[in-house]
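Q: For reference, the chains in residue letters:
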Amino acid sequence: DSGVTQTPKHLITATGQRVTLRCSPRSGDLSVYWYQQSLDQGLQFLIQYYNGEERAKGNILERFSAQQFPDLHSELNLSSLELGDSALYFCASSVGRLGNNEQFFGPGTRLTVL
Amino acid sequence: DQQVKQNSPSLSVQEGRISILNCDYTNSMFDYFLWYKKYPAEGPTFLISISSIKDKNEDGRFTVFLNKSAKHLSLHIVPSQPGDSAVYFCAATSSNTGKLIFGQGTTLQVKP
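If you're matching them up, the sequences are chains A and B in order.
Under our numbering, residues 44 to 157 are what the first sequence spells out, in order.
Under our numbering, residues 168 to 279 are what the second sequence spells out, in order.
Hint data in this document are derived by calculation from the structure and do not stem from the laboratory.
None of the values given here were measured: they were computed from a predicted structure.
Don't take each hint at face value.
[To be verified] Reference excerpt, derived from the structure (chain A facing chain B, CB under 8 Å, subset only):
id : residue
1  : ARG69
2  : GLY101
3  : PRO150
Idealized CB from N, CA, C, for every residue including glycine.
Construct the entire structure; sequences and hints are all you get.
A: Put into structure tokens, the structure is as follows:
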């Protein structure tokens, strides 16, 4: 158990819909990261927040947005969903904001768009 | 553009033997490298890392080697155990960012 929790574990929805994925980081961690793992791709970095502020952005679609709240939990919002958005979404957390801080991953949310 | 590549999708070794997983990168700005291990239905778990100022880092049965001139790193597992069977991801980053760039993963199977 990494100490990072993600809800829900599974999500099935239809094209065009909007969903929210939630992540609670390990106690004491200030950074939260979101990654997407599609069937044909490895883990793709989406976005990082550090202590409530956006810190780094990857190939995140404009239809996707995220935020980190004062209690440090984070939400990833996916809207106008398409079939290709079906993937595993992982959240990770670390103490610091730099890459040499070990990132601890949650168990993931499996999103299926029908 | 795949900045981190793991060219072997799978590897099978006998229990007790050495497992060698390879990873290549293209971005010269990367200065920190990590290996993660992933079991089905779980998130990746950190295994071992290496800074670009070193060429080797060891932790128990796991050793990571870095060849900066070749932009290549490898993970050695000695001796391999059936519990090591998992997907192994190589990742790279520039230490002034938190962004990890992952390879596609290599599925390791250790046969009893």
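Q: State for each hint whether it applies.
A: Tested hints:
no. : hint   : in the structure
1   : ARG69  : violated (12 Å)
2   : GLY101 : holds (6 Å)
3   : PRO150 : holds (5 Å)
Checked against the numbered hints above, the structure violates only hint 1.
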